[in-house]
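Peer 1: Sequence:
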Amino acid sequence: MKKIILLAPLALFLVVVSCKKLDQLLTFTVDVTQTVEIPGYFVGAQLQPVTVTTRSEESFRNNKTTRNNVKNVLLDQLVLTVTAPAGSTFDFLKEIDIFINTPNTNNKIPLAHLYTIPRGTNTITLEPTKAKLDEYLKSDTYQLTVDARLTPGSFSPNYFTVRSDARFKVTADPL
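Residues -21 to -1, 1 to 154 (mature numbering (1 follows the signal peptide of the UniProt record, and there is no 0)) are what the sequence shown spells out, left to right.
Hints are not guaranteed to be accurate.
Capping the alpha-carbon separation at 30 angstroms, the derived lysine-lysine pairs in DSSO-like fashion look like this [claimed, not checked]: (1) Lys148 to Lys43; (2) Lys73 to Lys87; (3) Lys50 to Lys109; (4) Lys111 to Lys73; (5) Lys87 to Lys148; (6) Lys148 to Lys73; (7) Lys87 to Lys50; (8) Lys87 to Lys117; (9) Lys109 to Lys148; (10) Lys43 to Lys109; (11) Lys73 to Lys43; (12) Lys117 to Lys148; (13) Lys117 to Lys50; (14) Lys111 to Lys43; (15) Lys111 to Lys50; (16) Lys109 to Lys87; (17) Lys111 to Lys87; (18) Lys43 to Lys117; (19) Lys50 to Lys148; (20) Lys109 to Lys73.
What follows is a set of in silico ranges between Cβ atoms, one per label pair, in the way DEER data are often shown [said to hold, decoys possible]: (21) Gly132 to Thr45: 48 to 56 angstroms; (22) Tyr138 to Thr12: 27 to 35 angstroms; (23) Lys87 to Ser135: 23 to 31 angstroms; (24) Gly132 to Asp10: 35 to 43 angstroms; (25) Val58 to Lys111: 43 to 51 angstroms; (26) Glu16 to Asn85: 21 to 29 angstroms; (27) Thr45 to Arg98: 38 to 46 angstroms; (28) Thr45 to Ile88: 21 to 29 angstroms.
Calculated directly from the structure, the hints in this document are not laboratory data. The beta carbon of each residue, even a glycine, is placed where N, CA and C say it ideally should be.
Given these sequences and hints, build the entire structure.
Peer 2: This is the structure we're talking about:
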């Protein structure tokens, strides 16, 4: 009887550790890159939603799973880079919030933000939320909406090209 009492916590520990190991084996990242042209002096500092094609089904297949087996998706990283015109920076931004939703739905939630934009840089790394993003990455497309507060008097009338590099951490069951 004493042996059973002593072995029970050990067995429980092994079950917990093996489940964590299994989750680690089935965790992978999905990278999504999108390039957007931003007009100079955009009205209200809120752009039209940008539709992003995920190509996530291919990533799921490469990792031996399917969208139906995905059980947890989180944004791991979101980096924005001004790629044109040459020499441009994010000095025109004071703060930025990015929201995500699937097309034709009412499921818009915060995705990432940055409330202190460093001066003189053409690349910024936003702070991701902890929101579960399963339904968005399982969809063929999702939309991003940008809510930006501008630095007064610093925005150019030129168009800017911005590349968005998102990395999602996905945990899924195997096939």
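Peer 1: If any of the earlier hints don't hold here, list their numbers in rising order.
Peer 2: 11, 22, 25
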